[in-house]
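Participant: Chains as they are written, first to last, in our numbering: chain A, 1 to 257; chain B, 1 to 257.
For the record, the hints were derived by calculation from the structure and aren't laboratory data. Just so you know, these numbers come straight off a predicted model, no measurement behind them. Check before you lean on any hint, since a few could be wrong.
Since the list gives no way to pick out one identical chain from another, each pair is judged satisfied if it fits inside one copy or across any two copies.
Dumping the calculated DSS-like pairs for lysine-lysine here, alpha-carbon to alpha-carbon at most 25 Å [claimed, not checked]:
| # | residue 1 | residue 2 |
| --- | --- | --- |
| 1 | Lys257 | Lys88 |
| 2 | Lys3 | Lys86 |
| 3 | Lys180 | Lys86 |
| 4 | Lys3 | Lys88 |
| 5 | Lys180 | Lys88 |
There are 2 protein chains.
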Amino acid sequence: MTKRILVTNDDGVLAPGLLALAIEMRNLGEVTILAPDRNWSGGGHVKTLDRALRVREFRLEDGSQAFASDGAPSDCVSLALLGYFKEKFDLVVSGINVGANLGHDVTYSGTVTAAMEAVIAGVPGVALSLEIPEGTIQPVDYTASAYAARIAVENVLAHGLPEETLLNVNIPFLKKEELKGFRVTRQGLRVYHSRLDERIDPRNRPYYWIGGDAPTGVPESGTDVGALSEGYISVSPLQLDLTAYRALSDVSTWEWK
Amino acid sequence: MTKRILVTNDDGVLAPGLLALAIEMRNLGEVTILAPDRNWSGGGHVKTLDRALRVREFRLEDGSQAFASDGAPSDCVSLALLGYFKEKFDLVVSGINVGANLGHDVTYSGTVTAAMEAVIAGVPGVALSLEIPEGTIQPVDYTASAYAARIAVENVLAHGLPEETLLNVNIPFLKKEELKGFRVTRQGLRVYHSRLDERIDPRNRPYYWIGGDAPTGVPESGTDVGALSEGYISVSPLQLDLTAYRALSDVSTWEWK
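Build out the structure end to end from the sequences listed, making use of the hints.
Facilitator: So this is what it looks like as structure tokens:
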């Protein structure tokens, strides 16, 4: 039976990475596109309940039909899975994001939280992100990323995903023939280098940028950060249960009077 | 040495739950308040990088000095920990939220993601939420919640928190003398009952509400949902590592060609 695949992202409906993903996914099933009408990077796992959402139809560069909402990526997934379209979906894929989503990025990332939203609704979700060096001019070549997306999604369609689990796929900035292959990894450690920049506006009032250098990471073997640094595509299964199981017994011994 | 405690929330700086928490925390240390200037419920783990943030000074009902920013709860934590204030903080507490944050709520919740932001920055974080029945008129009595906050924070100050771990505390809607005590729990399962409501505006264009009934949960023993349903305060240690460790070996056997 034909698989029905929802494609979304957090860079916005007109991002070249979304089109590259949609085109690749058409080899695997019937594709519907519903994505934000603007960039939502760093926007987190949003559930918009205090305002209504709009949906507009777009044409992408290749003539593809696409829909865009004024909500977050996770709202787009909600709209699609709650019935904006008549069809039921077998899979939600999100990306291809401009920039890797590694380590602690995953709870900030609109790309990853879109896949979370799918999993919460009972539909497998796959997030795809391409590591892109700062200052790179768009559009980049998405050939390697589209290949990674196809392999990951073929696997998910063949094997399914465990309950409450999504796949977070990150692709290094390499040509397809330079890729060393895939690594199944755990979430590594991001190192943020944020700094507060205070500036003064023309009316003499201060304002504050969360500035500083781009985040780096600890390239430990076995982690998402490590895999990318070695030229591998990283595939991390992530779960929605955040319980710190190893801390449970210790915290239980505290004095809860 | 006096402990320095940052108090924030996601209901906004003027929420009564924030003031109740701040007053209680003054028994444990020196309190600074920096919270959003509006309600951010369901706003997710935000990192605002595409615009600058403003900070304004407020006076709370009891005369307390407070600061409010136009960023998300996690942005408020960033501002405070990156140096908006001269002092370093020993702890970030977030709440007391209007409404429980259980199960899958944790990645949507501004209350919980504020504590996440603290932990990412290396400072222990505690999120506090009060289960409030729909239709309850504010302000409610925060006595029981303030008591729960004090016990939880005393424990964190005494024992510390494991790395990459925050505490998610939920309080049932009971009088203090009706509380059965504390339970250290794992994250349970929320059941969302969302439904898409299509409406037509005066200009004949459709718009969409994410509607439906309020979420419920599976009141399984040992979980946050279960503890609240039995009249206990729930204390869940949550971690920032989302790796689905039990899925790693299975996913590794897939065909990664």
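Participant: Okay, which hints does this one fail, numbers in order?
Facilitator: 1, 3 and 5
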